[in-house]
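Taking this note's numbering, the leading residue of the sequence shown gets 14, the next gets one more, and so forth.
These aren't lab readings, by the way, just hints derived from the structure by calculation. For each residue, glycine too, the CB sits at the ideal point set by N, CA and C. Wrong hints could be hidden among the right ones.
Below, in silico cross-link-like pairs of lysine to any residue (SDA-like), each with a Cα-Cα straight-line distance of 25 angstroms or less [as the list claims (entries may be wrong)]: (1) Lys276 x Ala138; (2) Lys130 x Gly49; (3) Lys130 x Gly58.
Okay, the calculated beta carbon distance ranges per label pair [what the hints assert, rightly or not]: (4) Gly49 x Arg316: 44 to 50 angstroms; (5) Ala96 x Asn145: 25 to 31 angstroms; (6) Glu325 x Gln267: 39 to 45 angstroms; (7) Ala197 x Arg339: 27 to 33 angstroms; (8) Gln267 x Arg27: 41 to 47 angstroms; (9) Ala69 x Ala200: 41 to 47 angstroms; (10) Arg42 x Ser363: 53 to 59 angstroms.
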Amino acid sequence: MSREHERAAAAPIRVLVADDSPAYRGMLRVMLEADGDIAVAGEAGDGQEAVQLAAALSPAVITMDLEMPGMDGVEATRRIAAASRCPILIVTSPLVKQRSTLPFRAIEAGAMEIFLKPLRITDEAGSDAASNLRARVRALAGRPPVARREAGARGTVGKGRPPARVAVLAASTGGPAALQRLFAALAAPLPGCILVVQHIGAEFQEGLVQWWSEACAMPVRLASAGDRLIPGTVLVAPSERHLLFGVADTVLLQDGPRVHGCKPAADVTMESAATALGAACAGAVLTGMGADGARGLLAIRDRGGWTAAQDEASCAVYGMPREAARLGAAEAILPIDELARGLARAMGASE
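All chains should be built: construct the whole structure from the sequences, respecting the hints.
Here's what the structure looks like:
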(Lines of atoms letter the chains of each structure in order from A and count residues from 1; the text may use other names and numbers.)
(Lines give C-alpha, C1' and ligand atoms only; values in the text may rest on other atoms or scores of the structure.)
Protein backbone atom coordinates (compact mmCIF):
# COMPACT_ATOMS: atom_id res chain seq x y z
CA MET A 1 0.00 0.00 0.00
CA SER A 2 1.37 3.44 -0.91
CA ARG A 3 2.03 6.08 1.72
CA GLU A 4 -0.82 8.17 0.27
CA HIS A 5 -3.25 5.22 0.60
CA GLU A 6 -2.05 4.48 4.14
CA ARG A 7 -2.70 8.09 5.15
CA ALA A 8 -6.14 8.12 3.54
CA ALA A 9 -7.10 4.82 5.24
CA ALA A 10 -6.33 6.15 8.72
CA ALA A 11 -8.68 8.46 10.60
CA PRO A 12 -8.23 11.97 9.17
CA ILE A 13 -6.48 14.68 11.13
CA ARG A 14 -9.22 17.06 12.29
CA VAL A 15 -8.30 20.72 11.86
CA LEU A 16 -10.04 23.88 13.06
CA VAL A 17 -9.46 26.82 10.69
CA ALA A 18 -9.67 30.34 12.20
CA ASP A 19 -9.60 33.24 9.72
CA ASP A 20 -11.85 36.28 9.26
CA SER A 21 -11.90 35.88 5.46
CA PRO A 22 -14.48 33.34 4.18
CA ALA A 23 -12.58 33.15 0.90
CA TYR A 24 -9.33 32.31 2.63
CA ARG A 25 -11.00 29.77 4.90
CA GLY A 26 -12.20 28.09 1.72
CA MET A 27 -8.70 28.21 0.23
CA LEU A 28 -7.25 26.68 3.39
CA ARG A 29 -9.83 23.91 3.25
CA VAL A 30 -8.77 23.06 -0.31
CA MET A 31 -5.08 23.14 0.66
CA LEU A 32 -5.54 20.98 3.74
CA GLU A 33 -7.91 18.35 2.35
CA ALA A 34 -6.09 17.72 -0.95
CA ASP A 35 -4.54 14.37 0.09
CA GLY A 36 -7.54 12.98 1.95
CA ASP A 37 -5.82 12.49 5.33
CA ILE A 38 -6.72 15.92 6.76
CA ALA A 39 -10.29 17.15 7.31
CA VAL A 40 -11.46 20.62 8.30
CA ALA A 41 -13.69 19.96 11.31
CA GLY A 42 -14.81 23.56 11.74
CA GLU A 43 -14.29 27.17 10.70
CA ALA A 44 -14.08 30.25 12.94
CA GLY A 45 -14.39 33.83 11.71
CA ASP A 46 -12.81 35.49 14.75
CA GLY A 47 -10.81 34.70 17.86
CA GLN A 48 -13.79 34.32 20.17
CA GLU A 49 -15.40 31.78 17.87
CA ALA A 50 -12.07 29.95 17.61
CA VAL A 51 -11.91 29.62 21.41
CA GLN A 52 -15.47 28.28 21.53
CA LEU A 53 -15.00 25.81 18.66
CA ALA A 54 -11.67 24.59 20.04
CA ALA A 55 -13.47 23.55 23.22
CA ALA A 56 -16.46 22.07 21.38
CA LEU A 57 -14.63 20.18 18.61
CA SER A 58 -11.33 19.12 20.25
CA PRO A 59 -9.43 19.33 16.94
CA ALA A 60 -6.01 17.75 16.45
CA VAL A 61 -4.55 21.02 15.09
CA ILE A 62 -5.75 24.62 14.83
CA THR A 63 -4.68 27.05 12.09
CA MET A 64 -4.93 30.60 13.44
CA ASP A 65 -4.96 33.93 11.64
CA LEU A 66 -3.38 36.80 13.57
CA GLU A 67 -5.42 39.84 12.60
CA MET A 68 -9.15 39.27 13.14
CA PRO A 69 -11.96 41.55 14.38
CA GLY A 70 -12.74 41.51 18.07
CA MET A 71 -10.43 38.98 19.70
CA ASP A 72 -7.25 38.64 17.64
CA GLY A 73 -5.24 35.50 17.01
CA VAL A 74 -2.72 36.16 19.78
CA GLU A 75 -5.36 36.38 22.50
CA ALA A 76 -7.27 33.42 21.07
CA THR A 77 -4.05 31.40 21.08
CA ARG A 78 -3.37 32.36 24.69
CA ARG A 79 -6.84 31.25 25.82
CA ILE A 80 -6.82 28.00 23.87
CA ALA A 81 -3.30 27.11 25.03
CA ALA A 82 -4.34 27.72 28.65
CA ALA A 83 -7.28 25.34 28.31
CA SER A 84 -5.89 22.54 26.12
CA ARG A 85 -2.75 21.11 24.56
CA CYS A 86 -3.96 21.37 20.96
CA PRO A 87 -1.09 22.47 18.66
CA ILE A 88 -1.72 25.87 17.05
CA LEU A 89 -0.21 26.82 13.69
CA ILE A 90 -0.21 30.56 12.95
CA VAL A 91 -1.19 31.17 9.31
CA THR A 92 -0.59 34.83 8.64
CA SER A 93 -0.75 37.34 5.81
CA PRO A 94 2.21 38.56 3.74
CA LEU A 95 1.03 42.04 4.79
CA VAL A 96 2.42 41.51 8.30
CA LYS A 97 5.46 43.77 8.39
CA GLN A 98 8.87 42.11 8.29
CA ARG A 99 9.97 43.73 11.53
CA SER A 100 6.74 42.84 13.35
CA THR A 101 7.06 40.70 16.44
CA LEU A 102 3.30 39.92 16.36
CA PRO A 103 3.78 36.34 15.06
CA PHE A 104 6.24 35.68 17.88
CA ARG A 105 3.86 37.11 20.49
CA ALA A 106 1.59 34.30 19.32
CA ILE A 107 4.46 31.81 19.76
CA GLU A 108 4.96 33.24 23.25
CA ALA A 109 1.23 32.75 23.88
CA GLY A 110 1.49 29.06 23.00
CA ALA A 111 1.49 28.65 19.21
CA MET A 112 3.94 26.14 17.77
CA GLU A 113 4.80 27.37 14.28
CA ILE A 114 4.26 30.15 11.71
CA PHE A 115 3.17 29.71 8.11
CA LEU A 116 2.90 32.44 5.46
CA LYS A 117 -0.37 32.54 3.54
CA PRO A 118 0.19 32.03 -0.19
CA LEU A 119 -1.50 34.58 -2.45
CA ARG A 120 -2.84 31.77 -4.66
CA ILE A 121 -2.66 27.99 -4.88
CA THR A 122 -3.00 27.56 -8.64
CA ASP A 123 0.67 28.08 -9.53
CA GLU A 124 3.74 25.99 -8.67
CA ALA A 125 4.68 28.13 -5.67
CA GLY A 126 1.15 27.84 -4.30
CA SER A 127 1.16 24.08 -4.80
CA ASP A 128 4.46 23.82 -2.92
CA ALA A 129 3.06 26.00 -0.12
CA ALA A 130 -0.02 23.78 0.18
CA SER A 131 2.15 20.66 0.38
CA ASN A 132 4.31 22.35 3.03
CA LEU A 133 1.23 23.32 5.04
CA ARG A 134 -0.07 19.74 5.06
CA ALA A 135 3.37 18.45 6.12
CA ARG A 136 3.42 20.86 9.06
CA VAL A 137 -0.09 19.90 10.14
CA ARG A 138 0.85 16.20 10.04
CA ALA A 139 3.98 16.86 12.09
CA LEU A 140 2.11 18.91 14.69
CA ALA A 141 -0.71 16.36 14.91
CA GLY A 142 1.84 13.75 15.94
CA ARG A 143 2.86 15.61 19.09
CA PRO A 144 1.06 17.99 21.47
CA PRO A 145 2.74 21.24 22.54
CA VAL A 146 5.66 20.95 24.92
CA ALA A 147 4.76 20.80 28.59
CA ARG A 148 6.68 23.37 30.61
CA ARG A 149 8.83 21.32 32.97
CA GLU A 150 12.17 21.39 34.69
CA ALA A 151 15.21 19.77 33.14
CA GLY A 152 16.10 16.17 33.92
CA ALA A 153 19.46 14.45 33.90
CA ARG A 154 22.57 16.48 33.20
CA GLY A 155 24.85 15.94 30.27
CA THR A 156 28.61 16.09 30.60
CA VAL A 157 31.37 17.96 28.84
CA GLY A 158 34.46 15.93 28.06
CA LYS A 159 37.54 16.56 30.19
CA GLY A 160 40.53 18.05 28.45
CA ARG A 161 38.44 19.54 25.66
CA PRO A 162 39.15 23.20 24.84
CA PRO A 163 36.30 25.66 25.43
CA ALA A 164 34.22 26.06 22.29
CA ARG A 165 34.83 29.38 20.56
CA VAL A 166 31.73 28.93 18.41
CA ALA A 167 28.49 26.98 18.87
CA VAL A 168 26.11 26.21 15.99
CA LEU A 169 22.45 25.67 16.86
CA ALA A 170 20.01 24.14 14.36
CA ALA A 171 16.22 24.33 14.58
CA SER A 172 13.09 24.14 12.46
CA THR A 173 9.46 23.57 13.57
CA GLY A 174 9.12 24.69 17.19
CA GLY A 175 12.55 26.32 17.07
CA PRO A 176 11.56 29.95 17.71
CA ALA A 177 10.05 29.09 21.10
CA ALA A 178 12.79 26.58 22.00
CA LEU A 179 15.56 29.05 21.22
CA GLN A 180 13.76 31.86 23.02
CA ARG A 181 13.68 29.64 26.10
CA LEU A 182 17.34 28.66 25.65
CA PHE A 183 18.40 32.31 25.35
CA ALA A 184 16.36 33.25 28.42
CA ALA A 185 18.16 30.52 30.39
CA LEU A 186 21.56 32.08 29.61
CA ALA A 187 21.83 34.62 32.40
CA ALA A 188 25.07 36.18 31.16
CA PRO A 189 26.88 36.58 27.83
CA LEU A 190 28.90 33.52 26.83
CA PRO A 191 32.66 33.65 26.14
CA GLY A 192 32.07 32.48 22.56
CA CYS A 193 29.89 33.24 19.53
CA ILE A 194 26.60 31.46 18.83
CA LEU A 195 25.47 30.83 15.25
CA VAL A 196 21.80 29.97 14.72
CA VAL A 197 20.37 28.20 11.68
CA GLN A 198 16.59 28.46 12.04
CA HIS A 199 14.41 27.41 9.11
CA ILE A 200 11.99 30.33 8.67
CA GLY A 201 10.79 32.53 5.83
CA ALA A 202 12.47 35.83 5.06
CA GLU A 203 9.21 37.61 5.91
CA PHE A 204 9.56 36.66 9.58
CA GLN A 205 13.28 36.68 10.29
CA GLU A 206 13.71 40.32 11.35
CA GLY A 207 10.78 40.10 13.76
CA LEU A 208 12.18 36.82 15.08
CA VAL A 209 15.60 38.34 15.75
CA GLN A 210 13.98 41.27 17.54
CA TRP A 211 11.91 38.89 19.68
CA TRP A 212 14.91 36.77 20.59
CA SER A 213 16.86 39.92 21.47
CA GLU A 214 14.33 40.72 24.18
CA ALA A 215 15.09 37.42 25.95
CA CYS A 216 18.84 37.13 25.38
CA ALA A 217 21.66 38.59 27.48
CA MET A 218 23.71 38.85 24.27
CA PRO A 219 23.08 40.95 21.16
CA VAL A 220 21.22 38.97 18.48
CA ARG A 221 21.30 40.01 14.82
CA LEU A 222 21.10 38.68 11.29
CA ALA A 223 24.49 37.70 9.93
CA SER A 224 26.00 39.67 7.05
CA ALA A 225 28.88 38.65 4.80
CA GLY A 226 32.18 39.54 6.46
CA ASP A 227 30.82 39.69 10.02
CA ARG A 228 33.40 38.74 12.62
CA LEU A 229 32.68 35.96 15.11
CA ILE A 230 32.75 38.07 18.25
CA PRO A 231 32.46 36.38 21.68
CA GLY A 232 29.24 37.17 23.48
CA THR A 233 27.16 37.63 20.32
CA VAL A 234 24.49 35.65 18.46
CA LEU A 235 24.44 35.64 14.65
CA VAL A 236 21.41 34.25 12.81
CA ALA A 237 21.80 32.82 9.32
CA PRO A 238 19.68 34.86 6.88
CA SER A 239 17.04 33.25 4.71
CA GLU A 240 18.13 31.87 1.32
CA ARG A 241 21.86 31.87 2.12
CA HIS A 242 24.13 29.18 3.54
CA LEU A 243 26.38 30.43 6.35
CA LEU A 244 30.00 29.23 6.26
CA PHE A 245 33.30 30.17 7.87
CA GLY A 246 35.52 32.58 5.95
CA VAL A 247 39.07 33.72 6.60
CA ALA A 248 40.13 35.29 9.90
CA ASP A 249 37.01 34.24 11.84
CA THR A 250 34.57 35.92 9.51
CA VAL A 251 31.21 34.87 8.09
CA LEU A 252 30.77 33.83 4.47
CA LEU A 253 27.27 33.75 2.95
CA GLN A 254 26.81 31.47 -0.04
CA ASP A 255 23.95 31.12 -2.52
CA GLY A 256 24.40 27.39 -3.10
CA PRO A 257 21.92 24.57 -3.73
CA ARG A 258 19.44 23.59 -1.04
CA VAL A 259 20.44 20.80 1.34
CA HIS A 260 17.56 18.66 2.67
CA GLY A 261 15.37 21.23 0.91
CA CYS A 262 16.77 23.94 3.19
CA LYS A 263 18.69 27.16 2.65
CA PRO A 264 20.23 27.98 5.04
CA ALA A 265 21.08 24.41 5.99
CA ALA A 266 22.59 23.59 9.37
CA ASP A 267 24.65 20.76 7.88
CA VAL A 268 26.52 23.26 5.71
CA THR A 269 27.29 25.57 8.64
CA MET A 270 28.23 22.79 11.06
CA GLU A 271 30.53 21.02 8.62
CA SER A 272 32.25 24.32 7.83
CA ALA A 273 32.63 25.08 11.55
CA ALA A 274 33.97 21.61 12.32
CA THR A 275 36.58 21.91 9.57
CA ALA A 276 37.66 25.38 10.69
CA LEU A 277 37.63 24.92 14.47
CA GLY A 278 37.87 21.22 15.29
CA ALA A 279 37.29 20.56 18.99
CA ALA A 280 36.87 24.31 19.64
CA CYS A 281 33.40 24.08 18.07
CA ALA A 282 30.15 22.94 19.70
CA GLY A 283 26.80 22.13 18.17
CA ALA A 284 23.22 21.27 19.06
CA VAL A 285 20.22 20.11 17.05
CA LEU A 286 16.86 21.29 18.34
CA THR A 287 13.23 20.56 17.50
CA GLY A 288 12.22 20.33 13.85
CA MET A 289 11.05 18.22 10.93
CA GLY A 290 13.48 16.37 8.69
CA ALA A 291 17.16 15.53 9.06
CA ASP A 292 19.05 18.82 8.71
CA GLY A 293 21.84 19.22 11.25
CA ALA A 294 22.39 15.53 12.01
CA ARG A 295 25.25 15.02 9.57
CA GLY A 296 26.84 18.35 10.51
CA LEU A 297 26.58 17.55 14.21
CA LEU A 298 28.37 14.26 13.56
CA ALA A 299 31.17 16.17 11.83
CA ILE A 300 31.60 18.33 14.95
CA ARG A 301 31.64 15.28 17.23
CA ASP A 302 34.11 13.45 15.00
CA ARG A 303 36.52 16.38 15.44
CA GLY A 304 36.19 16.38 19.22
CA GLY A 305 33.61 19.11 19.75
CA TRP A 306 30.76 19.00 22.26
CA THR A 307 27.43 17.99 20.71
CA ALA A 308 23.87 17.67 21.95
CA ALA A 309 20.33 17.08 20.73
CA GLN A 310 17.09 18.20 22.31
CA ASP A 311 15.20 15.37 23.98
CA GLU A 312 11.91 14.09 22.59
CA ALA A 313 9.83 15.18 25.58
CA SER A 314 10.71 18.87 25.16
CA CYS A 315 10.55 18.92 21.33
CA ALA A 316 7.60 20.23 19.35
CA VAL A 317 8.60 17.85 16.54
CA TYR A 318 11.19 15.13 17.22
CA GLY A 319 12.56 14.82 13.69
CA MET A 320 15.96 16.49 13.39
CA PRO A 321 17.07 15.50 16.93
CA ARG A 322 15.92 11.92 16.34
CA GLU A 323 18.12 11.70 13.24
CA ALA A 324 21.07 13.18 15.14
CA ALA A 325 20.61 10.57 17.88
CA ARG A 326 20.25 7.77 15.31
CA LEU A 327 23.59 8.72 13.71
CA GLY A 328 25.33 8.86 17.09
CA ALA A 329 26.05 12.53 16.48
CA ALA A 330 24.90 13.76 19.91
CA GLU A 331 26.95 12.92 22.97
CA ALA A 332 24.17 14.36 25.18
CA ILE A 333 20.37 14.19 24.80
CA LEU A 334 18.94 17.01 26.90
CA PRO A 335 15.76 18.98 27.60
CA ILE A 336 16.00 22.57 26.42
CA ASP A 337 16.80 24.18 29.80
CA GLU A 338 19.61 21.72 30.51
CA LEU A 339 20.85 22.09 26.95
CA ALA A 340 21.39 25.79 27.66
CA ARG A 341 23.49 24.92 30.71
CA GLY A 342 25.46 22.29 28.80
CA LEU A 343 26.17 24.80 26.06
CA ALA A 344 27.41 27.34 28.60
CA ARG A 345 29.76 24.76 30.15
CA ALA A 346 31.05 23.72 26.73
CA MET A 347 31.92 27.34 25.97
CA GLY A 348 33.79 27.75 29.24
CA ALA A 349 31.26 29.90 31.08
CA SER A 350 31.55 29.90 34.86
CA GLU A 351 28.79 28.02 36.70
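We went through each hint and held it up to the structure:
{"no.": "1", "hint": "Lys276 x Ala138", "verdict": "holds (16 angstroms)"}
{"no.": "2", "hint": "Lys130 x Gly49", "verdict": "holds (21 angstroms)"}
{"no.": "3", "hint": "Lys130 x Gly58", "verdict": "holds (16 angstroms)"}
{"no.": "4", "hint": "Gly49 x Arg316: 44 to 50 angstroms", "verdict": "holds (46 angstroms)"}
{"no.": "5", "hint": "Ala96 x Asn145: 25 to 31 angstroms", "verdict": "holds (29 angstroms)"}
{"no.": "6", "hint": "Glu325 x Gln267: 39 to 45 angstroms", "verdict": "violated (33 angstroms)"}
{"no.": "7", "hint": "Ala197 x Arg339: 27 to 33 angstroms", "verdict": "holds (30 angstroms)"}
{"no.": "8", "hint": "Gln267 x Arg27: 41 to 47 angstroms", "verdict": "holds (42 angstroms)"}
{"no.": "9", "hint": "Ala69 x Ala200: 41 to 47 angstroms", "verdict": "holds (43 angstroms)"}
{"no.": "10", "hint": "Arg42 x Ser363: 53 to 59 angstroms", "verdict": "holds (55 angstroms)"}
The structure fails to meet hint 6 from the earlier list, while all remaining hints are met.
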